[in-house]
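**Student:** Construct the entire structure; sequences and hints are all you get.
Order-wise, the sequence lines are chains A and B. Just so you know, the working numbering puts 216 at position 216 of the first sequence, and the rest follows in order with no gaps. Just so you know, the working numbering puts 103 at position 103 of the second sequence, and the rest follows in order with no gaps.
Do not take every clue at face value.
Since the list gives no way to pick one copy over another, a pair counts as held whenever it fits inside one copy or between any two copies.
[To be verified] Distance condition first, Cα-Cα at most 20 angstroms in a straight line; then the derived EDC-like pairs of lysine to aspartate or glutamate:
{"#": "1", "residue 1": "Lys109", "residue 2": "Glu158"}
{"#": "2", "residue 1": "Lys74", "residue 2": "Asp307"}
{"#": "3", "residue 1": "Lys134", "residue 2": "Glu146"}
{"#": "4", "residue 1": "Lys55", "residue 2": "Glu170"}
{"#": "5", "residue 1": "Lys134", "residue 2": "Glu336"}
FYI, nobody ran anything at the bench for these hints, they're computed from the structure.
2 protein chains.
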Amino acid sequence: MKSNIYLPVTIILLTFLLMSVCGKTQNNPGNQTVWALALHGGAGTISPDMPDSLKQQYYDGLQQALRVGEIILKDGGSALDAVEMVVRNLEDNPLFNAGRGSVFTIDGKHELDAAIMDGSTLAAGALTGLTTVKNPVSLARIVMEESPHIFFSGPGAEEFANQTGVERVENSYFHTETRYRQWQRTRPDEASLLPDGWLEGDKYGTVGAVALDVDGNLAAATSTGGMTNKQFGRVGDVPIIGSGTFANHFVAISATGWGEQIMRNVSANTIANYMEFRNSSLEEAINFVLTQRLNPGDAGFVAVDRDGNISMQMNTLGMYRGSINSLGEQVVRIWE
Amino acid sequence: MKSNIYLPVTIILLTFLLMSVCGKTQNNPGNQTVWALALHGGAGTISPDMPDSLKQQYYDGLQQALRVGEIILKDGGSALDAVEMVVRNLEDNPLFNAGRGSVFTIDGKHELDAAIMDGSTLAAGALTGLTTVKNPVSLARIVMEESPHIFFSGPGAEEFANQTGVERVENSYFHTETRYRQWQRTRPDEASLLPDGWLEGDKYGTVGAVALDVDGNLAAATSTGGMTNKQFGRVGDVPIIGSGTFANHFVAISATGWGEQIMRNVSANTIANYMEFRNSSLEEAINFVLTQRLNPGDAGFVAVDRDGNISMQMNTLGMYRGSINSLGEQVVRIWE
Numbered sequence: 001m002k003s004n005i006y007l008p009v010t011i012i013l014l015t016f017l018l019m020s021v022c023g024k025t026q027n028n029p030g031n032q033t034v035w036a037l038a039l040h041g042g043a044g045t046i047s048p049d050m051p052d053s054l055k056q057q058y059y060d061g062l063q064q065a066l067r068v069g070e071i072i073l074k075d076g077g078s079a080l081d082a083v084e085m086v087v088r089n090l091e092d093n094p095l096f097n098a099g100r101g102s103v104f105t106i107d108g109k110h111e112l113d114a115a116i117m118d119g120s121t122l123a124a125g126a127l128t129g130l131t132t133v134k135n136p137v138s139l140a141r142i143v144m145e146e147s148p149h150i151f152f153s154g155p156g157a158e159e160f161a162n163q164t165g166v167e168r169v170e171n172s173y174f175h176t177e178t179r180y181r182q183w184q185r186t187r188p189d190e191a192s193l194l195p196d197g198w199l200e201g202d203k204y205g206t207v208g209a210v211a212l213d214v215d216g217n218l219a220a221a222t223s224t225g226g227m228t229n230k231q232f233g234r235v236g237d238v239p240i241i242g243s244g245t246f247a248n249h250f251v252a253i254s255a256t257g258w259g260e261q262i263m264r265n266v267s268a269n270t271i272a273n274y275m276e277f278r279n280s281s282l283e284e285a286i287n288f289v290l291t292q293r294l295n296p297g298d299a300g301f302v303a304v305d306r307d308g309n310i311s312m313q314m315n316t317l318g319m320y321r322g323s324i325n326s327l328g329e330q331v332v333r334i335w336e
Numbered sequence: 001m002k003s004n005i006y007l008p009v010t011i012i013l014l015t016f017l018l019m020s021v022c023g024k025t026q027n028n029p030g031n032q033t034v035w036a037l038a039l040h041g042g043a044g045t046i047s048p049d050m051p052d053s054l055k056q057q058y059y060d061g062l063q064q065a066l067r068v069g070e071i072i073l074k075d076g077g078s079a080l081d082a083v084e085m086v087v088r089n090l091e092d093n094p095l096f097n098a099g100r101g102s103v104f105t106i107d108g109k110h111e112l113d114a115a116i117m118d119g120s121t122l123a124a125g126a127l128t129g130l131t132t133v134k135n136p137v138s139l140a141r142i143v144m145e146e147s148p149h150i151f152f153s154g155p156g157a158e159e160f161a162n163q164t165g166v167e168r169v170e171n172s173y174f175h176t177e178t179r180y181r182q183w184q185r186t187r188p189d190e191a192s193l194l195p196d197g198w199l200e201g202d203k204y205g206t207v208g209a210v211a212l213d214v215d216g217n218l219a220a221a222t223s224t225g226g227m228t229n230k231q232f233g234r235v236g237d238v239p240i241i242g243s244g245t246f247a248n249h250f251v252a253i254s255a256t257g258w259g260e261q262i263m264r265n266v267s268a269n270t271i272a273n274y275m276e277f278r279n280s281s282l283e284e285a286i287n288f289v290l291t292q293r294l295n296p297g298d299a300g301f302v303a304v305d306r307d308g309n310i311s312m313q314m315n316t317l318g319m320y321r322g323s324i325n326s327l328g329e330q331v332v333r334i335w336e
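**Tutor:** In structure tokens:
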């Protein structure tokens, strides 16, 4: 009778031993996600009547950016490298409101914001009001890695850039004809920041990426040209750690939408806290913030958790978005 | 027998009727808090060997600021008015690192940050890098009430000020001899932001206030001259909604401490979320953030919840702090 107990006990103990020795592999058996990436190129009222050729350009842009991240993550690269390089790619694409292709401020210039966060260390870097840095997300990473500070603004941010080897451009580099025409349409009513004829889709331009790498680290990055016709010096949600950008050991999140609404609800951190404190899924946490905190039309989020679950939800009509993971599952969408 | 039932039923119904008519009074019987206020003047390694005369100056300063808020709240004034006027008072007091008495930046100037938030509406206003606004907290309130934006930085923030009637001063107005000597002590090692001989207590200067008014509304405000010897354009936690300053329907919080640590942990919003999502007390929520998220020596918080519970906790050696409520309970402390 007694010896009959030893066998199952030994088996259980051996199983635990094997599990602890092969921990990493056990956590990631063949059919489980080992890396994952999601990105967005902004959310808002994106008209489904958009010409097919333009739709195709957006799909191509999203797919190219996914490919940039895929190559890094598949090769065992870090989540941090992946989100930085994906966001750089989107900044360089004039279709999206970040880097080249940024919207115009009320005085006809370009002011760029960006942030990056390493979920494994909670290290972060953020900038607002950049005017001559070609890729704001890469300067954010330098702030994160080389400065005791997290966040620099305006002329101080430009001065910080002077101390680095980051690529500089004239402010006119960010100019594109499409954004210029958008801005012109908003000019007749300068007094109002939300004039008649405002295209909602123009207001919510942002790009962002989140990733989980094969080492289990999470990272998030976001970049934007801000709001068309925004006032000089306005800071939106993108560089605010906890609002537009956040990553910790549980989840990495990048937001897009009406910056002020995202900020007053500290949206990204609230998603992360809801998951942790309510022990909820990522999907439930984002749904909570979209339905219980924000109003319809406010925002969209892309996020990935430490188990590789990806969520891309919005309460706007559309969000340029895409995701890919190590199972080869790929999604590229604009509307539902 | 039957008529015996009518009397107690009638009494119960009448009681409910009275309770609904006199709702406000019922919710606030004689011994329950109807308004509450807490404030801080910074946290850090404050030496208990401080001369008694200086200690007395700090106690007097904190008491005067409490009195400003008490007069407003006792008279049925709003939490928003109370926190604005209390923080103005602390900004005007050269003892504290905000407004007059602000620390020096690395290039010998003063850059001021402030934020205010109305918990009843989640409206917020914030500024960073102000150089000529006498009372940053009052400009933050104007941003909150008159701008579609929440947050302005640097020259854009000054330009916004130009459009208002807010009182302006020369940057030298913020200069005090004590802060100048502090800054001089940090100069020999300009390359380092945390030079030898650094006084921890100098690093963590901030002022803040939180209040609950008789209408049940909560508000928070924070203001600072930043970090001694900080780099040009550095943005700390104070103007970051959710980090240094936050208020909603549950709680109002103002933080002080090492800004970068407070920011990467999105500390104020995490306290609010912990209370709400874990259904915890305010005391437990702050304790969670101080012990599970932050490191010893990082920060202190003053907070008040919708029931009038006040919490003032820190993991630093000291925090200049005080509180008062409608029961006449008053606390003024620097160390434990």
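**Student:** Failing hints, ascending?
**Tutor:** 4, 5
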